[in-house]
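Chain V is already provided as a structure; the job is to place chains U and R on it using the hints.
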Amino acid sequence: MEIYQTVFVQQTRGRGTYDIGSDVERFVEEAGVRTGVCQVFVQHTSASLILCENADPTVRQDLERFMAATVPDGDPMFRHRAEGPDDMPAHVRSVLTQTGLSIPVTGGRLGLGTWQGIYLWEHRTAAHRRRITVTVWGR
Amino acid sequence: MEIYQTVFVQQTRGRGTYDIGSDVERFVEEAGVRTGVCQVFVQHTSASLILCENADPTVRQDLERFMAATVPDGDPMFRHRAEGPDDMPAHVRSVLTQTGLSIPVTGGRLGLGTWQGIYLWEHRTAAHRRRITVTVWGR
Amino acid sequence: MEIYQTVFVQQTRGRGTYDIGSDVERFVEEAGVRTGVCQVFVQHTSASLILCENADPTVRQDLERFMAATVPDGDPMFRHRAEGPDDMPAHVRSVLTQTGLSIPVTGGRLGLGTWQGIYLWEHRTAAHRRRITVTVWGR
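Chains as they are written, first to last, in the numbering used here: chain V, 1 to 139; chain U, 1 to 139; chain R, 1 to 139.
Calculated directly from the structure, the hints in this document are not laboratory data.
Mixed in with the good hints there might be a few duds.
Every beta carbon over 12 Å from chain V, so not counted as near; a handful from chain R, in silico [stated by the list, open to error]:
#1 Tyr4
#2 Phe8
#3 Gln10
#4 Gln11
#5 Arg13
#6 Gly16
#7 Arg26
#8 Glu30
#9 Glu53
#10 Ala55
#11 Ala68
#12 Asp75
#13 Pro85
#14 Asp86
#15 Pro104
#16 Arg131
Derived CB-CB ranges, DEER-like [stated by the list, open to error]:
#17 V:Arg129 x R:Gly108: 17 to 27 Å
#18 V:Gln61 x U:Thr114: 17 to 27 Å
#19 R:Asp75 x V:Thr58: 40 to 50 Å
#20 U:Arg79 x V:Thr125: 15 to 25 Å
#21 V:Ala127 x R:Ala55: 20 to 30 Å
#22 R:Arg26 x U:Arg34: 19 to 29 Å
#23 R:Phe8 x V:Ala69: 37 to 47 Å
#24 R:Gly16 x V:Ala68: 25 to 35 Å
#25 U:Gly84 x R:Ala55: 42 to 52 Å
#26 R:Gly84 x V:Thr6: 23 to 33 Å
#27 R:Gly84 x U:Thr114: 18 to 28 Å
#28 U:Ala68 x V:Thr58: 15 to 25 Å
#29 V:Pro72 x U:Arg13: 30 to 40 Å
Note that beta-carbon positions come from the ideal geometry of N, C-alpha and C, so glycine has one too.
The shape of chain V in the complex, shown without the other chains (with noise of 0.2 Å):
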């Protein structure tokens, strides 16, 4: 067994979802890895990562609609609002999500089903600069 370790960065525009699957996919290509692992882990508290179907964007903006509804942002209930009033909702919606996915290697490629995209979620209003860590693992 081996095992291999990057990190990429993401700049972000602000709120919304960025596909990085093929940032991810080329780093398992280039490892070699045939079976085994691949970790993904975003080095934040206020970005998500998320598996996520991939054919339509409504999807995604189906999502970002229902966490605004589900953790509004400014809600008087939060008392953290050192950087505003996205701060601390963006906090909440990380921890609701994940901070890190591993994906199967399967046949030296990710092993994810048809309709599974690999998104960084970005959860602050404003453009972020967010680090990515990738760890693959196998034979």
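Chains U and R in isolation, oriented as in the chain V frame:
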């Protein structure tokens, strides 16, 4: 260290939870790993994997009731309705829970707590065939 | 590649978050893995593990407030009340967050972002002893 991987299919009868613990446990035992990790992954974006209390079925019924109230089928907020009123809620439920679980392997068995069971949670109302990848690594 | 595993117990004083970062970090350093992954797993279905902003305690108080509002103790929707009004909400909170976290190991240390802390989130109001399995693998 060694690594082993398999895929199995869980047939569902529609929305609800399905105990997949024995299928996962069997593969761990066949693999013969004593100390390691087992990763379970569902290749879909409208079903989840959860670790849940395994003694009282009411717990899983209450979970279902909670999700039905929190992410209502047919909510007019959702625009993605290609496959019906349960389509988008299934994607939201998937993002709010998990599509992958990593579980320690200890002494050649899944290192679960006494009350932890592994369930596939089908979020669509119709029956589906769900593909699940299990990867085990360790020594 | 090598793999190492340990179990430790975190005593809680009831609902709230408990910083377990130094316990996990210590085991990673003892293991001597330079490049790899650390998986932290809680053997219970009424407590969670989260990565959360580690600078301002208000963030974790706001998280608690959000959960108390979203999954209210004693909600009449819940039928599973064997251990009191916080029993079923604890299971729901567990499913909405995570019971396992995989974190990259980089340069012999946890590859966390600057503001990421590792917390056990006790969801029951009474004190509990929580068993946590830590597995580290890599080279």
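Consistency of the hints with the structure:
1. Tyr4: holds, 14 Å
2. Phe8: With a cut-off of 12 Å, phenylalanine 8 of chain R remains clear of chain V, as the shortest Cβ separation is near 21 Å.
3. Gln10: holds, 19 Å
4. Gln11: holds, 23 Å
5. Arg13: Given a closest Cβ separation of 21 Å, the condition holds.
6. Gly16: holds, 14 Å
7. Arg26: Check passes; 20 Å lies beyond 12 Å.
8. Glu30: The claim stands: glutamate 30 of chain R keeps its Cβ more than 12 Å from every Cβ of chain V (closest is about 19 Å).
9. Glu53: violated, 5 Å
10. Ala55: Alanine 55 of chain R not clear of chain V: closest Cβ-Cβ about 9 Å, inside 12 Å.
11. Ala68: violated, 9 Å
12. Asp75: About 16 Å separates aspartate 75 of chain R from the closest Cβ of chain V, which puts it past 12 Å; holds.
13. Pro85: Proline 85 of chain R clear of chain V: closest Cβ-Cβ about 21 Å, beyond 12 Å.
14. Asp86: Per Cβ check, aspartate 86 of chain R is outside 12 Å of chain V; nearest 19 Å; holds.
15. Pro104: Not fine: 4 Å to the nearest Cβ puts proline 104 of chain R too close to chain V.
16. Arg131: holds, 21 Å
17. V:Arg129 x R:Gly108: 17 to 27 Å: Check passed, 25 Å falls within 17 to 27 Å.
18. V:Gln61 x U:Thr114: 17 to 27 Å: Between glutamine 61 of chain V and threonine 114 of chain U, where Cβ atoms are some 42 Å apart, the hint is violated.
19. R:Asp75 x V:Thr58: 40 to 50 Å: violated, 32 Å
20. U:Arg79 x V:Thr125: 15 to 25 Å: Cβ of arginine 79 of chain U to Cβ of threonine 125 of chain V: about 22 Å, so the range 15 to 25 Å holds.
21. V:Ala127 x R:Ala55: 20 to 30 Å: Between alanine 127 of chain V and alanine 55 of chain R, where Cβ atoms are some 22 Å apart, the hint holds.
22. R:Arg26 x U:Arg34: 19 to 29 Å: With Cβ atoms ~24 Å apart, the hint holds.
23. R:Phe8 x V:Ala69: 37 to 47 Å: This hint holds: roughly 39 Å between Cβ atoms.
24. R:Gly16 x V:Ala68: 25 to 35 Å: holds, 28 Å
25. U:Gly84 x R:Ala55: 42 to 52 Å: holds, 45 Å
26. R:Gly84 x V:Thr6: 23 to 33 Å: The hinted range 23 to 33 Å is violated for glycine 84 of chain R and threonine 6 of chain V, with Cβ atoms some 48 Å apart.
27. R:Gly84 x U:Thr114: 18 to 28 Å: holds, 19 Å
28. U:Ala68 x V:Thr58: 15 to 25 Å: Given a distance of about 22 Å, which is inside 15 to 25 Å, the answer is holds.
29. V:Pro72 x U:Arg13: 30 to 40 Å: With Cβ atoms ~37 Å apart, the hint holds.
Figure legend: structure checked against the earlier numbered hints; hints not met, in rising order: 9, 10, 11, 15, 18, 19 and 26.
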